[in-house]
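Chains A and B, in that order, give the protein sequences.
In terms of this note's numbering, the first sequence opens at residue 8 and continues consecutively.
In terms of this note's numbering, the second sequence opens at residue 20 and continues consecutively.
Hints are computed from structural coordinates only; laboratory data are not their basis.
Possibly wrong hints are sitting among the right ones.
[To be verified] Where chain A lies over chain B, by a calculated footprint (3+ residues, C-beta under 8 angstroms):
{"#": "1", "segment": "110 to 119"}
{"#": "2", "segment": "139 to 145"}
{"#": "3", "segment": "191 to 202"}
{"#": "4", "segment": "234 to 244"}
[Said to hold, decoys possible] With the C-beta cut set under 10 angstroms, the calculated list includes, among others, these residues of chain B facing chain A:
{"#": "5", "residue": "V24"}
{"#": "6", "residue": "L28"}
{"#": "7", "residue": "P50"}
{"#": "8", "residue": "L86"}
{"#": "9", "residue": "L89"}
{"#": "10", "residue": "L152"}
{"#": "11", "residue": "V304"}
Just so you know, even glycine gets a beta-carbon here, dropped at the ideal spot from N, CA and C.
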Amino acid sequence: MIRRLARARSVVVSLVVLGLLALACLLGPAFTGHEPDRFYPDLRQLSAGLTAQPDDAHLKPALQRIAFRMRARVAASEREGDRLRLTLAADQPIDRRSLVYLPRSDLFGPPSVVAEEEDGRRLVLDVPIRHLRFLLGTDVHGRDLLTRSLVAGRVSLAVGLTATLVALLIGVGYGAAAGYAGGAVDAAMMRAVDALYALPFVFFVILLLVFFRASLVLMLLAIAAVEWLDMARIVRAQTLSLRERDFVRAARALGRSAGGIVLRHIVPNTLGPVAVAATLLVPRVILLESFLSFLGLGVQEPQTSWGVLIAEGARAIEAAPHMLAAPAFFLIATLVSLNLLGDGLADALDPRAA
Amino acid sequence: MIGLVLRRLGQGVPTLLAVVALSFFLMRLAPGGPFDLERPLSPAAMENLRKVYGLDRPLIAQFGSYLAALARGDLGPSFSFRDMSVAGLIARGLPVSATLGALALVVACVFGIGLGCIAALRRDGWIDRAIGLGAALTLSLPSFVVAPLLQIAFGLTLRWLPLSGWEEGDPRHLILPVVTLALPQVGALARLTRASLGEVLRTQPVRTMRAFGLPPALVTRHALRGALLPVVAYLGPLAAALLTGSVVVETIFGLPGIGRYFVEGAVNRDYTLVMGVVLLVAVLVIVLNLAADLACAWLDPRLRAGT
Numbered sequence: 008m009i010r011r012l013a014r015a016r017s018v019v020v021s022l023v024v025l026g027l028l029a030l031a032c033l034l035g036p037a038f039t040g041h042e043p044d045r046f047y048p049d050l051r052q053l054s055a056g057l058t059a060q061p062d063d064a065h066l067k068p069a070l071q072r073i074a075f076r077m078r079a080r081v082a083a084s085e086r087e088g089d090r091l092r093l094t095l096a097a098d099q100p101i102d103r104r105s106l107v108y109l110p111r112s113d114l115f116g117p118p119s120v121v122a123e124e125e126d127g128r129r130l131v132l133d134v135p136i137r138h139l140r141f142l143l144g145t146d147v148h149g150r151d152l153l154t155r156s157l158v159a160g161r162v163s164l165a166v167g168l169t170a171t172l173v174a175l176l177i178g179v180g181y182g183a184a185a186g187y188a189g190g191a192v193d194a195a196m197m198r199a200v201d202a203l204y205a206l207p208f209v210f211f212v213i214l215l216l217v218f219f220r221a222s223l224v225l226m227l228l229a230i231a232a233v234e235w236l237d238m239a240r241i242v243r244a245q246t247l248s249l250r251e252r253d254f255v256r257a258a259r260a261l262g263r264s265a266g267g268i269v270l271r272h273i274v275p276n277t278l279g280p281v282a283v284a285a286t287l288l289v290p291r292v293i294l295l296e297s298f299l300s301f302l303g304l305g306v307q308e309p310q311t312s313w314g315v316l317i318a319e320g321a322r323a324i325e326a327a328p329h330m331l332a333a334p335a336f337f338l339i340a341t342l343v344s345l346n347l348l349g350d351g352l353a354d355a356l357d358p359r360a361a
Numbered sequence: 020m021i022g023l024v025l026r027r028l029g030q031g032v033p034t035l036l037a038v039v040a041l042s043f044f045l046m047r048l049a050p051g052g053p054f055d056l057e058r059p060l061s062p063a064a065m066e067n068l069r070k071v072y073g074l075d076r077p078l079i080a081q082f083g084s085y086l087a088a089l090a091r092g093d094l095g096p097s098f099s100f101r102d103m104s105v106a107g108l109i110a111r112g113l114p115v116s117a118t119l120g121a122l123a124l125v126v127a128c129v130f131g132i133g134l135g136c137i138a139a140l141r142r143d144g145w146i147d148r149a150i151g152l153g154a155a156l157t158l159s160l161p162s163f164v165v166a167p168l169l170q171i172a173f174g175l176t177l178r179w180l181p182l183s184g185w186e187e188g189d190p191r192h193l194i195l196p197v198v199t200l201a202l203p204q205v206g207a208l209a210r211l212t213r214a215s216l217g218e219v220l221r222t223q224p225v226r227t228m229r230a231f232g233l234p235p236a237l238v239t240r241h242a243l244r245g246a247l248l249p250v251v252a253y254l255g256p257l258a259a260a261l262l263t264g265s266v267v268v269e270t271i272f273g274l275p276g277i278g279r280y281f282v283e284g285a286v287n288r289d290y291t292l293v294m295g296v297v298l299l300v301a302v303l304v305i306v307l308n309l310a311a312d313l314a315c316a317w318l319d320p321r322l323r324a325g326t
């Protein structure tokens, strides 16, 4: 009793985690306060944290840079909460129009002039400082990692579900046809599956993607073409035992067509094991997708997926380990929950475990 | 037994032909060629190069002469590595990949089967739960996440092991790649062993042995022999996958194995090199699957009688 509860608990927990992850990926990017492809050039490779940006360490260099573009020097700057008292100095009178450089930099609001000294060669400004929060830090271009991870999750999850669905349709169709036809047709069809098992498929997928330009659709097809074999075997084994059952014979005696029987009576009865296999297939597909994207063969910029982000993180690992941590966390959480969910379903459907 | 081996090897021939044909035409029908450079060659030079490598003839004729050369055991010259034959490149890369794969296989077997046995014998105890959770975790940890983490921990922070690269005869370069490659398989083997041994331990003969008061260690040994069947069957494809080198692990750790030659060959449109590696992998898959089946037959008297 306790064991069953524990099993059910792992199923419930993984379902909740998956639901939250999917919800976060779907809706989250609207609430993080950043566009996924918005660059903050002054805030590159920030580590994860709750502090509002820019902090003092990033304020100074950004000010220097802006002052340089305005042909001026930072004579004095003092931070008072979220306002900055800034004194600029130059050899020539400072052009007021160049003040737009301040709000353009994403870090500051529009400034107001407090005082003008030395015929306009010294300006005292009151500049509001913007508050930006990057919960998981930023990447090498200063893009918000949380937003990017969530947007990447949409692609990874969509690829996982779509490729699994395609593999499911091919596998169920093929397996049911082979099992229901039986005899020589069945033997020939399953020998073909055996032969396909011996093909080095990952190598073919890589070949396909290198030679025909990586694209999302091609990758989906390639993954589905690799992964339908297991499904076909499972469905075929189920069908072999189902086709001799009385209700199938009755349907045949009533004159239903073979296609109708397969669709109406065989396929629905194989759905239990198929559901388990499909649940365990989704994490494999997501893993394969991120593996291909990691190699640069899968999802391409400007689109992104967890594999792409992990590849970027692995490249910058010495300077900014958080860039690997954020997408890796999402990917691993998804894979673990899906695997636990599949195991839990398999246990629940196993007639021997009582 | 010999009949079985010959029959299975015979069945492998059409599979190999399919592999050769599929990869040959897949590559040739794709746009781009091995001599596309940043600065295009003059048409005359291009024409000469294509003539030297026989690329100007009809595709079917090229395929025929490739098969003819293959029948003589000649894999052809490499297109991107000048003055190297594909066989020479494979001879250079295979020892690295094979060493890496064999070590990873041993590590995965020792820890995977060992932990699986412990879990099955302590069924539903806390040890079993911990191993189950750990196995699910290692299965979900992609190698391209594990590898950089290991590099940070042991290469950068502790400075115990080299970050990447390869030096002849220095085993320290292999430790991190082997761990990365073996880790997910430890989880897979542990789960498989636990499920299989758990099932065997519940069967009638085992309960009878227990009832007769045989020592537990002896009972376990008898049960294990039967329980290892599905594990050994799984080892065939696993060994092939590990021995032919994980592309990612070789790329991240900068090991000059055949996985890296394959990726470089594909990017450079090195037709013959890619074909050679794919063919090698297919042969290894067939041979190792056969070896696993033979090992199963040796372990299981029921199967032996059937052949």
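Now the hints, each set against the structure:
Look at the segment 110 to 119 of chain B against chain A: 0 of its residues bring a Cβ nearer than 8 angstroms to a Cβ of that chain, fewer than three, so the hint is violated. Using a Cβ-Cβ cut-off of 8 angstroms, 1 residues of the segment 139 to 145 of chain B lie near chain A, which falls short of the minimum of three, so the contact claim is violated. A stretch counts as covered by a chain when three or more of its residues have a beta carbon under 8 angstroms from one of that chain; for the segment 191 to 202 of chain B and chain A the count is 0, and the coverage is violated. Proximity of the segment 234 to 244 of chain B to chain A, defined as three or more residues with a beta carbon under 8 angstroms from a beta carbon of that chain, is not established by the 0 residues found.
Because the smallest distance between the Cβ of B/V24 and any Cβ of chain A comes to about 16 angstroms, over 10 angstroms, the interface hint for this residue is violated. Annotation: interface hint on B/L28 violated; nearest CB of chain A at approximately 12 angstroms, more than 10 angstroms. The beta carbon of B/P50 comes within 8 angstroms of a beta carbon in chain A, closer than 10 angstroms, and the hint placing it at the interface holds. At a threshold of 10 angstroms, the smallest CB-CB gap from B/L86 to chain A is about 18 angstroms, leaving the interface hint violated.
Residue-level restraint check for B/L89 is violated (minimum Cβ-Cβ distance to chain A is 17 angstroms; threshold 10 angstroms). The interface hint given for B/L152 is met, as the beta carbon of that residue sits about 9 angstroms from the closest beta carbon of chain A, less than 10 angstroms. Taken as an interface hint, B/V304 checks out: its beta carbon lies about 5 angstroms from the nearest beta carbon of chain A, inside 10 angstroms.
Checked against the numbered hints given earlier, the structure breaks hints 1, 2, 3, 4, 5, 6, 8 and 9 and satisfies all the rest.
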